[in-house]
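Colleague: These protein sequence lines map, in sequence, to chains A and B.
Here the numbering used here is used: the first residue of the first sequence is 1, the next is one more, and so on.
Here the numbering used here is used: the first residue of the second sequence is 112, the next is one more, and so on.
There's no promise every hint is true.
As the list claims (entries may be wrong) - Per the computed footprint, the stretches of chain B lying under chain A, defined by three or more beta-carbons under 8 Å from a beta-carbon of chain A, are:
(1) 135-147
(2) 157-169
What the hints assert, rightly or not - In the SDA-like style, the derived pairs of lysine to any residue whose C-alpha atoms are separated by at most 25 Å in a straight line are:
(3) B:Lys-172 <-> A:Arg-70
(4) A:Lys-73 <-> B:Asp-133
(5) B:Lys-172 <-> A:Gln-43
(6) B:Lys-172 <-> A:Thr-8
(7) A:Lys-73 <-> B:Arg-159
(8) B:Lys-172 <-> A:Leu-29
(9) A:Lys-73 <-> B:Leu-132
(10) B:Lys-172 <-> A:Gln-32
(11) B:Lys-172 <-> A:Leu-5
(12) A:Lys-73 <-> B:Val-163
(13) B:Lys-172 <-> A:Gly-26
(14) B:Lys-172 <-> A:Glu-22
(15) A:Lys-73 <-> A:Gly-20
(16) B:Lys-172 <-> A:Arg-52
(17) A:Lys-73 <-> B:Gly-166
(18) A:Lys-73 <-> B:Arg-149
(19) A:Lys-15 <-> B:Leu-132
(20) A:Lys-73 <-> B:Arg-160
(21) A:Lys-15 <-> B:Arg-176
(22) A:Lys-73 <-> B:Gln-124
(23) A:Lys-73 <-> B:Glu-131
(24) A:Lys-73 <-> B:Ala-158
(25) A:Lys-73 <-> B:Phe-138
(26) A:Lys-15 <-> B:Phe-138
(27) A:Lys-73 <-> B:Arg-130
(28) A:Lys-73 <-> B:Thr-123
(29) A:Lys-73 <-> B:Arg-125
(30) A:Lys-73 <-> B:Arg-176
(31) A:Lys-73 <-> A:Arg-30
(32) B:Lys-172 <-> A:Leu-39
These are calculated hints, taken from the structure and not from any lab test.
Think of the CB as a built atom: it goes at the ideal place given N, C-alpha and C, for glycine as much as any other residue.
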Amino acid sequence: MSTVLPGTLDVLVLKAVSLGAEHGYGLLLRIQQLSQGALEVEQGALYPALARLENQGLIESEWGTSENNRRAKFYSLTRAGRARLAHEQSAWHAFADAMALVLGAKKETAR
Amino acid sequence: MSRLRTLWRALTQRRRYERELDDELAFHVAARADDLVRAGLDRAEAARRARVELGMAELHKADVRAAHGLALLDGLAGDLRHAWRALLRNPVFAGTAVLILGLAIGANAALFAFFDAYVLRAPAVRAPDRLVDIMAAYPDGEVAGLWTVEDARQFAAAGARAFEGLYLVNHVRVPLLGASPTMTYGHAVSADYFELLGARLELGRAFDAAEARDPVLVLSAAGWRRLAGGRPDVVGTTLQLGPTTYTVIGVAAEEFRGVDVVGPQFWMPRDGAGPLLGDLGSATVGGVLRAGVTPEQARAALQPVLAERAASPAPVGPTGVVVAPRRSMFDSVEAHAIELAAIPVFAGFLLVLLVASANLANLTLARAAARRRELAIRLSVGASRWRVVRHMLVESALVAALAAVLGTVACAAAVEALHDYAFGRLGPLAPDLVPAAFDARRAVYVALLALLTALAIGLAPALEASARQPGLGARDIDADGRARSGRLRDALLVSQLAASAILLVLASLIVANARRADEFRPGFDFGRVVDVAFPQPTPRLRQEVERVPGVSAATAVGRAPLYGQPYVMPVRVDGRDAGVAFNHVDERYFATLGIALRRGRSFLPGETASGARVAIVSAATARRLWPDRDPIGRVFDVEFADLPVPVGRYEVVGVADDVASGVFFAGRDRTMVYFPTALGEPTAGALLARVDGDVARALRALVDACTRADASVLCEPATLESVVASHRLPLAVAGGVASSLGFAALAISCIGLYGVVAFTVVRRTREIGVRIALGATPRAVLRFVLGGAVRRIALGLAIGLPVCLALSALVAANVAEVRAFDARSYVLTPLVLALVAVAAAFVQARRAARVAPVDALREDG
Numbered sequence: 001m002s003t004v005l006p007g008t009l010d011v012l013v014l015k016a017v018s019l020g021a022e023h024g025y026g027l028l029l030r031i032q033q034l035s036q037g038a039l040e041v042e043q044g045a046l047y048p049a050l051a052r053l054e055n056q057g058l059i060e061s062e063w064g065t066s067e068n069n070r071r072a073k074f075y076s077l078t079r080a081g082r083a084r085l086a087h088e089q090s091a092w093h094a095f096a097d098a099m100a101l102v103l104g105a106k107k108e109t110a111r
Numbered sequence: 112m113s114r115l116r117t118l119w120r121a122l123t124q125r126r127r128y129e130r131e132l133d134d135e136l137a138f139h140v141a142a143r144a145d146d147l148v149r150a151g152l153d154r155a156e157a158a159r160r161a162r163v164e165l166g167m168a169e170l171h172k173a174d175v176r177a178a179h180g181l182a183l184l185d186g187l188a189g190d191l192r193h194a195w196r197a198l199l200r201n202p203v204f205a206g207t208a209v210l211i212l213g214l215a216i217g218a219n220a221a222l223f224a225f226f227d228a229y230v231l232r233a234p235a236v237r238a239p240d241r242l243v244d245i246m247a248a249y250p251d252g253e254v255a256g257l258w259t260v261e262d263a264r265q266f267a268a269a270g271a272r273a274f275e276g277l278y279l280v281n282h283v284r285v286p287l288l289g290a291s292p293t294m295t296y297g298h299a300v301s302a303d304y305f306e307l308l309g310a311r312l313e314l315g316r317a318f319d320a321a322e323a324r325d326p327v328l329v330l331s332a333a334g335w336r337r338l339a340g341g342r343p344d345v346v347g348t349t350l351q352l353g354p355t356t357y358t359v360i361g362v363a364a365e366e367f368r369g370v371d372v373v374g375p376q377f378w379m380p381r382d383g384a385g386p387l388l389g390d391l392g393s394a395t396v397g398g399v400l401r402a403g404v405t406p407e408q409a410r411a412a413l414q415p416v417l418a419e420r421a422a423s424p425a426p427v428g429p430t431g432v433v434v435a436p437r438r439s440m441f442d443s444v445e446a447h448a449i450e451l452a453a454i455p456v457f458a459g460f461l462l463v464l465l466v467a468s469a470n471l472a473n474l475t476l477a478r479a480a481a482r483r484r485e486l487a488i489r490l491s492v493g494a495s496r497w498r499v500v501r502h503m504l505v506e507s508a509l510v511a512a513l514a515a516v517l518g519t520v521a522c523a524a525a526v527e528a529l530h531d532y533a534f535g536r537l538g539p540l541a542p543d544l545v546p547a548a549f550d551a552r553r554a555v556y557v558a559l560l561a562l563l564t565a566l567a568i569g570l571a572p573a574l575e576a577s578a579r580q581p582g583l584g585a586r587d588i589d590a591d592g593r594a595r596s597g598r599l600r601d602a603l604l605v606s607q608l609a610a611s612a613i614l615l616v617l618a619s620l621i622v623a624n625a626r627r628a629d630e631f632r633p634g635f636d637f638g639r640v641v642d643v644a645f646p647q648p649t650p651r652l653r654q655e656v657e658r659v660p661g662v663s664a665a666t667a668v669g670r671a672p673l674y675g676q677p678y679v680m681p682v683r684v685d686g687r688d689a690g691v692a693f694n695h696v697d698e699r700y701f702a703t704l705g706i707a708l709r710r711g712r713s714f715l716p717g718e719t720a721s722g723a724r725v726a727i728v729s730a731a732t733a734r735r736l737w738p739d740r741d742p743i744g745r746v747f748d749v750e751f752a753d754l755p756v757p758v759g760r761y762e763v764v765g766v767a768d769d770v771a772s773g774v775f776f777a778g779r780d781r782t783m784v785y786f787p788t789a790l791g792e793p794t795a796g797a798l799l800a801r802v803d804g805d806v807a808r809a810l811r812a813l814v815d816a817c818t819r820a821d822a823s824v825l826c827e828p829a830t831l832e833s834v835v836a837s838h839r840l841p842l843a844v845a846g847g848v849a850s851s852l853g854f855a856a857l858a859i860s861c862i863g864l865y866g867v868v869a870f871t872v873v874r875r876t877r878e879i880g881v882r883i884a885l886g887a888t889p890r891a892v893l894r895f896v897l898g899g900a901v902r903r904i905a906l907g908l909a910i911g912l913p914v915c916l917a918l919s920a921l922v923a924a925n926v927a928e929v930r931a932f933d934a935r936s937y938v939l940t941p942l943v944l945a946l947v948a949v950a951a952a953f954v955q956a957r958r959a960a961r962v963a964p965v966d967a968l969r970e971d972g
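Just chain A, with the same shape it has in the complex (with noise of 0.2 Å):
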């Protein structure tokens, strides 16, 4: 299990709530359960993420009702949200590509 990377845990979070409405604690587990246990994002950190990311009207809320009948504040992805995501996603596929590129380069590749 590890901490999440800085500067990453908005795309993560932007990608929980992009799996359809959630609460702050589903989007935790969200996480949790997507990364199969490896990534656990601090719980206090998240609601300042969340509001970071409703600041940049990326995502919006609304309260609802959760599975056991309490009163719960859900996220959604907005259409900038969305579109956000789309090019973290590709952005951070070519940086990670470009990383296992170097990271694996062999001796005899490099001039």
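Position chain B relative to chain A; hints supplied.
Modeller: Chain B alone, transformed into the frame defined by chain A:
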């Protein structure tokens, strides 16, 4: 968008925002606890564990608020509350600060209110952005407003595609006759004037082209009140204006005042105004451009009308057209002159505000230094430098905001009284106060002043206070802080004193110039000589005037003295050319004014009627033209044909005492040659009467005498002394304003100096105590403390006086006849300033001298 919405909701429904934040975190804890219970923990332990996992809820909430952009505002709100409490802790300091700054801001706001109402505001017409003046450009570069009606007619034809229409205006002054005759002022306008400008009428209707020659009137709202008592049934009634009876057909709405700063009391059709105007041949011309037409295009459309004249080698009249947008109640030439004149006035007012601000900055600096321990502690426990600066700036901003509110209120309360003070002496011709409601423009101006004030009083102390090193122990901060804050305070104080010196010396210069008008004596009894002020006086008028009780004599003169510098003409004397001032007088002039004849005689009745080639010269003229010789019987020649004096050889028959007949600051005439004239001649332009009885009663009776001589004339007789007084009015007003500004600045500076010296003394108590313990006498301490103050005062004056000299030289270069150097102003004013400042310092210095060394050493710096 959503960001603003959240921010807005958070601000307007703060309690709800906080509740929802709490609810969300509470849900999180509850949901986590549910899961933990499911995993086998008991309920109480699960709830505890869930809370621990979430961590410090308050910290997360603060982060959420920050992410929503609320942190800065919350911080500001906190600073504001803190600042408010700080002010309440020091009510005297806060009250004085707000009062002084409030009055300074109020004065600036009032000045702006006038400027805005009269100079910046467009006339209230249908299309103010398309309103233009058609100005006449002359070959010599002069631009004036008058055209011949023929030019205007051709403009209307040539400019039909550029203009919606052109209108003609003439100004009319005519007496309203009746139980108590009064002078009225109105505009004679072309028939489409109202339609073109989109004037709304309160009552009745406007005149149209069919009525262009009828005796009908539209009253302005002000004229309705003044001339008809605001009667609702005024339409259809008649007014006797001079020789003609006019029927009132309408009353304009309050907001429509024409396009001039002095709003007319009525409008009449210009074609029918012949008896009042005398000359219908010329008028000022204005127009409304068609939408989309630029002034330059309009000019190009009109210029061909003047093509023939412009091509002539010796053109008569204007050769160019200037189409100038009329953006204010003044035409473009006037507006430019006013804007130029307004710059030093605004500068003076702002200077006072800055002096007041600098003073407060000084006091705040002193207080900040006194709070150095508090600040050092705040810095050392981790407050950022910006946080401390912000905190102090918020305090300044609060003071400035309160002062701005006070200033706005003071300005609103005083603006009418100030208006009456400035324009009161113009009598019925004073412009009506343009309703100067507090609007967005004034709000913006006041807000800018408040911002300037806040920065002026807060920035320096804030930066200075925050620059202390938190690393040093709270006790040792001094070592670094003292030198810096001392320098800054000194700079502020010195510039304050310099500004006060500038304002005071300028004020006393203006007052000195105004005083010269009071002390002026022309050499004849000008308090008893009345100018009847009747255009083209007639023998009939003289008969009526001489019948008035109290009038002992009446005399005709070409141009009444003291109305301006006399005209000058070339004459030839013994083969030399000389320029001499001249005037025309009849045989009674010298006796009526009480001017003694030193030699020879006055004119004879036969000479004045026939235009005999004789002249009387002043003593100074005689000395100049014929030094050391008897002037009687000498001759000179007039050789130029264009003068109001016929060509020929003139013989001197008398020598008169020297008098002053020009403007008061020019003194006695250097030359003056009197030529004969008589009533009824074109050269006899004015009638003067000598009053031996009650002057006020005679003035009233003279008005009736004028009306008896000619029913269309309501003259306004005035003693020549009051003519001089009216020259003095602008100087007196300017002097009054400048003096009040100067004294305000001096008072403020002295408070500041007192405060700074007091602060230095308190601050250096220990040092002084040591000096005394080491044997310094009280006198030495006094000298030492006072010396510092005197050095600052001297420096302030050394900076202020040269600036002032340069400024007044600039004024003198632009305003003719104002003396730039007045010894009294330059010696006395700085002396007074220095004395007051030294006195303020002395009080504190004495306190220092009495410091007991033991107390001083015990005192904890």
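Colleague: Each of the hints needs a verdict: does it hold here or not?
Modeller: Each hint, compared with the structure:
Residues of the stretch 135-147 of chain B lying with their CB closer than 8 Å to a CB of chain A number 8, which satisfies the three-residue condition for coverage. With 5 residues having a Cβ less than 8 Å from any Cβ of chain A, the stretch 157-169 of chain B passes the three-residue criterion, so the hint holds. Restraint check: the Cα-Cα separation between B:Lys-172 and A:Arg-70 comes to about 21 Å, which is no more than 25 Å; the hinted pair holds. Proposed proximity of A:Lys-73 and B:Asp-133 is supported: the alpha carbons are some 11 Å apart, at most 25 Å.
With a CA separation close to 12 Å, the supplied pair B:Lys-172 and A:Gln-43 stays within the 25 Å bound. For the suggested pair B:Lys-172 and A:Thr-8, the alpha carbons sit about 21 Å apart, so the restraint of at most 25 Å is met. Taking the CA atoms of A:Lys-73 and B:Arg-159, the gap is near 22 Å; set against the 25 Å cutoff, the hint holds. The suggested pairing of B:Lys-172 with A:Leu-29 holds, with an alpha-carbon distance near 21 Å, which does not exceed 25 Å.
Taking the CA atoms of A:Lys-73 and B:Leu-132, the gap is about 10 Å. The hint holds against a cut of 25 Å. At most 25 Å may separate the alpha-carbon atoms for a hinted pair to count; B:Lys-172 and A:Gln-32 meet this at roughly 23 Å. Our distance criterion of 25 Å between C-alpha atoms is met by B:Lys-172 and A:Leu-5, whose separation comes to about 22 Å. A distance of roughly 21 Å separates the Cα atoms of A:Lys-73 and B:Val-163; the hinted pair therefore holds under the 25 Å criterion.
Distance hint between B:Lys-172 and A:Gly-26 is fulfilled; the C-alpha atoms sit about 19 Å from each other, no more than 25 Å. Of the supplied pair hints, the one linking B:Lys-172 and A:Glu-22 holds, its CA atoms being roughly 20 Å apart against a limit of 25 Å. At most 25 Å may separate the alpha-carbon atoms for a hinted pair to count; A:Lys-73 and A:Gly-20 meet this at roughly 13 Å. With a CA separation close to 12 Å, the supplied pair B:Lys-172 and A:Arg-52 stays within the 25 Å bound.
Between A:Lys-73 and B:Gly-166 the CA atoms are separated by roughly 20 Å; this keeps the pair inside 25 Å, and the hint holds. For a cut-off of 25 Å, the pair hint linking A:Lys-73 to B:Arg-149 stands: about 23 Å separates their Cα positions. Only pairs whose Cα atoms come within 25 Å are accepted, and A:Lys-15 paired with B:Leu-132 is accepted, the gap being roughly 23 Å. For the hint linking A:Lys-73 to B:Arg-160, the alpha-carbon distance of about 22 Å falls within 25 Å, and the restraint holds.
The hinted pair formed by A:Lys-15 and B:Arg-176 meets the criterion: a straight-line CA distance of about 23 Å does not exceed 25 Å. This hinted pair checks out: A:Lys-73 and B:Gln-124 have alpha carbons roughly 17 Å apart, not beyond 25 Å. Our distance criterion of 25 Å between C-alpha atoms is met by A:Lys-73 and B:Glu-131, whose separation comes to about 9 Å. For the given pair, A:Lys-73 sits about 20 Å from B:Ala-158 by alpha-carbon distance, which is consistent with the 25 Å threshold.
About 9 Å separates the Cα atoms of A:Lys-73 and B:Phe-138, which keeps this hinted pair within 25 Å; it holds. Of the supplied pair hints, the one linking A:Lys-15 and B:Phe-138 holds, its CA atoms being roughly 22 Å apart against a limit of 25 Å. Between the alpha carbons of A:Lys-73 and B:Arg-130 the distance comes to roughly 12 Å, so the proposed pair stays at or under 25 Å and holds. Between A:Lys-73 and B:Thr-123 the alpha-carbon distance is near 20 Å, which keeps this suggested pair within the 25 Å criterion.
Proposed proximity of A:Lys-73 and B:Arg-125 is supported: the alpha carbons are some 18 Å apart, at most 25 Å. Between A:Lys-73 and B:Arg-176 the CA atoms are separated by roughly 16 Å; this keeps the pair inside 25 Å, and the hint holds. Between the alpha carbons of A:Lys-73 and A:Arg-30 the distance comes to roughly 16 Å, so the proposed pair stays at or under 25 Å and holds. Taking the CA atoms of B:Lys-172 and A:Leu-39, the gap is near 23 Å; set against the 25 Å cutoff, the hint holds.
Checked against the numbered hints above, the structure violates none of them.
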